[in-house]
Structure formats: structure tokens, C-alpha cells
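One line per chain: the protein sequences are A and B, in this order. In terms of the numbering used here, the first sequence opens at residue 1 and continues consecutively. In terms of the numbering used here, the second sequence opens at residue 1001 and continues consecutively.
It should be emphasised that the hints constitute simulated quantities derived from the structure, not laboratory data. C-beta: ideal position from N, C-alpha, C; glycine also. It is possible that part of the hints are untrue.
As the list claims (entries may be wrong) - Each pair of labels, with its calculated beta carbon distance range:
#, chain 1, residue 1, chain 2, residue 2, range
1, A, D130, B, K1034, 30 to 38 Å
2, A, D32, B, E1207, 41 to 49 Å
3, A, K155, B, I1056, 49 to 57 Å
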Amino acid sequence: MNKKIEHKFIVEFEQNQNIIHKVCRIYTSNQDAHNDLFQEIAIQLWKAYPKFRGESKLSTWMYRIGLNTAITLYRKSKRSIVTQDFDSVLYKIESTSYDDTEEEQLKLMYKAIHQLTDIDKALIFLYLEDVNYKEIAETMGISEVNARVRMNRIKTRLKTILNP
Amino acid sequence: MMDELEFLKKDWKKQGADFPKLSYMEIYKLIHKKSSSIVKWIFIICIAEFLFWGLIALCIPESTFAIYEKFNLKTFLFVTQSLHYVVVFVFIYLFYKNYKTISVVDNTGLLMKNILKTRKTVNYYVYYNIILYVILSIFLNAVMFSHPDILIENLMPANSELDTDKFLAVMIVVQIILLLVMCGIIWAYYRIIYGILLKKLNRNYKELESLEV
């Protein structure tokens, strides 16, 4: 029975692993940190999986565990995450076909996001994933109104970081 | 207002091909690795603290209590100790109950609240131990120093060249220094635990809480 659950989990994880990579992209800015966080989220998902009954969508469930893990994970040094050279931040982005200006703009965007607090990163992640405010509020444990207000503040803050 | 963010959102949806794809076997290996979550660390540290304070009590040699017998304090100490064990079990029960409520599937606010609550249980346990230690020290010393004749008879080496007043003064100073050193060690320990392990969690929790005000 346990093996059956494990098999089902791995298959579903295999299909949805991009969600975890995306969480890691928001919260980390180098490959090592990315891999560490990816591993921890995978472990937490597996630990929680036997209790997953499918009341919510798998993606919703994964967002929640992924973000909770990222927010509560103890990291050795914040500095090693924040002050990384941002060329390594987008270690993969070069492969997509953009011209130099667009690529530069994306790099700056990610760099700005990495300067946000852990809570704000979670909100931006859910925004980028097109999650509605009701679900964002439920995931974070805040009211819908406050989620909206906060999101607007984050947008303003990002704008300030990008256009000082 | 935010062209950059819309641009990022477009790119965000396209990404995916860029990420490494883990195979079935790689995922299998990954999920069987050891977790390094804060909850696990808190659990380990808390158990270590329960053991530490438990062992400290057990490590006090029986002979230490012989002196208290002379002051008719043995029954008092026995009752105190029995009560103490009851309190310890209550703490362990509360800790375990709170620990069990921690669930990574809860919303972020609730999860952080439950982690901090679990941690707080153990904090109270440590405060309790410190306070008990201080009160007992003061009480026992007060009793002993109010009967200096028995104290001198039992503790002062027969061939000592110190006069009795000096001996008592030294005893008091030593006791006070011991108390201060003990409190200092505990304080430093908690600075480290809080400074390193819980600072981020506390900060994130306060930030989320501040959104709801």
C-alpha cells in the first residue's frame, strides 16, 4: 500500500516539478540554494502526501507547502542569498530567445524580487501564478482585502527598486 | 502602471523548459533524504533541553543532600522534587501536543504561529527551571545561613585558618557567583538559539501579523 502511494506521488511530482522550481527561483539566487530548497520542499510534500485527499487542487496544495517550506526554512546566511551576483540569478534564462534589453530587464526584475521580504515573495509568486486573491488570502492566512492592499504595495516597491 | 511585471508574468508562464527535469529515480532518492526543516531542529533542540534539565537534576550526588538533612530540609526537598516531576510531565505533554499541531499544509500564518507556540512551551519550561533554581537557592541558603553554627560545623574544614565570619562571607560570595554564572550561561545560550534559529521566523511572523492590523 505504502509503495503504491509512493509511486503515485512520484509520478505526480514528476509532472508538476516545475512548480517547485518556480518557488525556488523566487526564493533563491544561486544553484546550491535552489537545490537545497528544492530538496526540502520535495521531502515536505512527500511527508504530507498521505494526508492529501484531493479536496484542493494538487497545484494549490503544492503552492502552500512549497511557500511554507521556503518561508520557514532556516538558512545559514541571508547574505549569501541576497548579495549573489545576479548573473548567476538567472542561470537558465539565457536559453530563452530574448534580445539583450529584454533579458536585462528580466534579470533586473528577478534581482528586485530577491530584495523583497519572504512574505512579499510568496505574494508575488502567487500573483505570477495567476492565483486569485481569495486563494492567496487563504494560503497566507490573511484577509482578501489585506492581500490586495499588500500586493499593490509590493508593486510600488518593485517599481521603486527598478526606477530609483 | 507596471509594464515590467506584466512582462515578467509572460516570461514566467513560458519558463519550464529551462528547468532541469528530474527522473522518477532521482525523485525517489530525493524524497528519502533527510529533512533540515526548522520544525525538526526545534524538536531536536527541545528534546535536548528536556534531557539537559532532567539530567542536571539526576547528576547532583546524593551526598549533597546529606547537608540538608542536618537542617531538617529533606522532606521539603522530597516534596519539591515530586512536584517538580509532575510539572515536567505537564510541560512535556504540552510540548508534544503543540508539536503535533504543526502542519506544513496549514496556511502560512497558522503554521508560523504553531511553530512559535511549540517553541514557547519549551521556553516556559526553561524559565520555570531557572526560577525554581533561583528560588530554591535563595531559600536553602537563607535557611542554612540562619543557622551558621550547623553550617560551620558541617562544611568548614577543621584545620581551616579562616575565622568563621570570613568563612561565611566566602560561602555567600561563592553562592552568588555561582548563581550569576549559571544565569549568564543560560542567557548566552538563548541569545544563540534565538539569534540564529528563530530570528527569521519571528520576523516573518511579525510581518504577516502586521498585515492584519
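Structure-based check of each hint:
{"no.": "1", "hint": "A:D130 - B:K1034: 30 to 38 Å", "result": "35 Å, holds"}
{"no.": "2", "hint": "A:D32 - B:E1207: 41 to 49 Å", "result": "26 Å, violated"}
{"no.": "3", "hint": "A:K155 - B:I1056: 49 to 57 Å", "result": "54 Å, holds"}
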